[in-house]
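Produce the entire structure from the sequences given, and follow the hints as far as they go.
Listed in order, the protein sequences are those of chains A and H.
Numbering follows UniProt numbering, in which position 46 of the first sequence is assigned residue number 46; successive positions increment by one, without gaps.
Numbering follows UniProt numbering, in which position 180 of the second sequence is assigned residue number 180; successive positions increment by one, without gaps.
Heads up, a few of these hints could be off.
Stretch by stretch, here's where chain A covers chain H in the computed footprint (C-beta under 8 Å, at least three residues) [claimed, not checked]: (1) 15–26; (2) 114–127; (3) 190–199; (4) 203–212.
Don't read these hints as lab results, they were simulated from the structure.
These numbers come from a predicted model, not from an experiment.
No residue lacks a Cβ here, since even glycine has one placed at the ideal position from N, Cα and C.
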Amino acid sequence: MTAVTERPDVAGAGRPRGSTRSRSDRTVIYLLLLPSLLPILVLSVFPLLRGMYLGFTDARAGRNVEVSFTGLENYRELLGDELFWNSFKIGLFWAFGVTVLQFLLALGLALLLHQRLRFRGVARVLAVVPWAMPPVVVGILWKLVYHPDAGLLNEFFHRLGADGLRTNWLGDFSTALPAVIIVGVWAGMPQTTVVLLAGLQGVARELHEAAAVDGATAWHRFRHVTLPALSPVIVAITSLDFIWNFNSFGLVYVLTAGGPGGKTMLPMLFAYEEAFRYGNYGYAAALGNVMVVIIVALLAVYLRRRMREAN
Amino acid sequence: MFGKSSRTGRALQYLALTGYLIFLGFPLVWLVSTAFKPPRELVQLHPTLVPANPTAQNFVQAFTEQELGRAALNSLQVSLASAVLTVLVALPASYALARFRSKLGTAALGWVLLSQLFPFVLLIIPIFLVLRQVGLANTHAGLVLIYVVWALPFALWMLQGFVRNIPRELEEAASVDGATRVQVLRRVVFPLLAPGVVATALFSFISAWNEFFFALVLIKTPELATLPVALARFVGIEGTARLGPLAAGSLLATLPSLIFFAFMQRRLSSGSLAGAVKG
Numbered sequence: 001m002t003a004v005t006e007r008p009d010v011a012g013a014g015r016p017r018g019s020t021r022s023r024s025d026r027t028v029i030y031l032l033l034l035p036s037l038l039p040i041l042v043l044s045v046f047p048l049l050r051g052m053y054l055g056f057t058d059a060r061a062g063r064n065v066e067v068s069f070t071g072l073e074n075y076r077e078l079l080g081d082e083l084f085w086n087s088f089k090i091g092l093f094w095a096f097g098v099t100v101l102q103f104l105l106a107l108g109l110a111l112l113l114h115q116r117l118r119f120r121g122v123a124r125v126l127a128v129v130p131w132a133m134p135p136v137v138v139g140i141l142w143k144l145v146y147h148p149d150a151g152l153l154n155e156f157f158h159r160l161g162a163d164g165l166r167t168n169w170l171g172d173f174s175t176a177l178p179a180v181i182i183v184g185v186w187a188g189m190p191q192t193t194v195v196l197l198a199g200l201q202g203v204a205r206e207l208h209e210a211a212a213v214d215g216a217t218a219w220h221r222f223r224h225v226t227l228p229a230l231s232p233v234i235v236a237i238t239s240l241d242f243i244w245n246f247n248s249f250g251l252v253y254v255l256t257a258g259g260p261g262g263k264t265m266l267p268m269l270f271a272y273e274e275a276f277r278y279g280n281y282g283y284a285a286a287l288g289n290v291m292v293v294i295i296v297a298l299l300a301v302y303l304r305r306r307m308r309e310a311n
Numbered sequence: 001m002f003g004k005s006s007r008t009g010r011a012l013q014y015l016a017l018t019g020y021l022i023f024l025g026f027p028l029v030w031l032v033s034t035a036f037k038p039p040r041e042l043v044q045l046h047p048t049l050v051p052a053n054p055t056a057q058n059f060v061q062a063f064t065e066q067e068l069g070r071a072a073l074n075s076l077q078v079s080l081a082s083a084v085l086t087v088l089v090a091l092p093a094s095y096a097l098a099r100f101r102s103k104l105g106t107a108a109l110g111w112v113l114l115s116q117l118f119p120f121v122l123l124i125i126p127i128f129l130v131l132r133q134v135g136l137a138n139t140h141a142g143l144v145l146i147y148v149v150w151a152l153p154f155a156l157w158m159l160q161g162f163v164r165n166i167p168r169e170l171e172e173a174a175s176v177d178g179a180t181r182v183q184v185l186r187r188v189v190f191p192l193l194a195p196g197v198v199a200t201a202l203f204s205f206i207s208a209w210n211e212f213f214f215a216l217v218l219i220k221t222p223e224l225a226t227l228p229v230a231l232a233r234f235v236g237i238e239g240t241a242r243l244g245p246l247a248a249g250s251l252l253a254t255l256p257s258l259i260f261f262a263f264m265q266r267r268l269s270s271g272s273l274a275g276a277v278k279g
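This is how it looks when you write it as structure tokens:
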């Protein structure tokens, strides 16, 4: 955004006015804001608070069901629920796996795109296309790639003469989770790349030239000039990626719906099943609360460590 | 970055770039190829990358025989309504946020970031209960309402940025010339705001068009399903011959967002809107 210098907003400055005018100005402001703020409060903030409260009740699906406050009962139950632990392990493995791979691959691609290479234009366009696809379509696309009979991947191995590697990628217990993680990386990489590329373009060229004159190797310049300058961007995008990945739903719902045998049952899928298949609203909300607590705790640790490094 | 790289360095860079292009591009090529394959090629033991006899039959089939045609229409209605409503609601508020300093602006931005933290499952249950109470569960109106509210914080943030870019002096000059407040808004602010309005409407349209979770939970009647939900349901039907129409439908479902991204390319690559679309 261009810098339009902000004026000190003494209400009514620059107009013929009095204190009565500024009061009517204030009324106007609130009238302008009301149509936006009211829906956000009623349909976003309030439901969220109510959802968090539901996590401490025994709410169930159905009309006229008595809801009573049960305190920590849901959480006690969660602790003993093997499916919950399983789903959280998978969720963390997925979120860390996707975020780390996404970041490393995106950083590599951003560095390449930052250079004057041929085909850079094609790569830039291609790098954005997966981002433009609805998550459901990304799921379908990769279902076609992984298809056991008509899939690109199995056919590729067949052409290589490596028929032994052909498998039902999304249906096999050992390959389902890695296969799904690759899709997550593919879908999320573009956004991370674009953000990192924008960050790279903000790194001062003079610093590089100075370092090069001083005889720093490419690796040294990357390590001591680029990376430190980029680090706020890196922290921001990896944090957001982690949150998005941990909370993601549509992609894996289409790919495997949590199967085979719960091997890709991410926490959100688990919560969805609890809420809308079994009708355990309170239990599902409790799960949601635990997810929030875990995300906040992990982010706090991560951000604190980064801050300390920066100082 | 690697300033004077050696020849092997360059070669390695091109090798890496090729790797990326294959990883990013091949799945897309496969989708396009599947969409244009006739049924006989789809059930072949060893499928080919390029269809031998390309056909548009899959597109016709996807939108006539299958439910996808109606679903696309539903999606179009819901997304258009969301886009228009979001802009109408956000316009006055974004003007107020940009022109009068207030803590609410910071709060709106804070809410954009904070709301990312919460898994949808916490929101969806109370929203579902509220909508059912007022008779809007399982209706397009209810879905539109949710989409507007969900797009609003970001739309506000985006639009108020556009308002800020209109020099206040223009408004002041007009009012010195005797224009009333309404005239200033109509003759000066709104025309200059047109690109911002288009961008905000597009953003809202796309987030509604791509949305899956709320539509899956809130819409129970198959005739009312939006395109992502209909496509996801279509996936459940197995059989390789059905893959053609499925791929065709998926391709068409991608078109609106592709257009949006083409439109926003410059802004996207400058990074200012990098957080616009939740991944």
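Tested hints:
1. 15–26: holds (count 8)
2. 114–127: holds (count 13)
3. 190–199: violated (count 0)
4. 203–212: As far as the region 203–212 of chain H goes, the hint holds, because 3 residues have Cβ atoms under 8 Å from chain A.
Consistency with the previously given hints fails for number 3 only.
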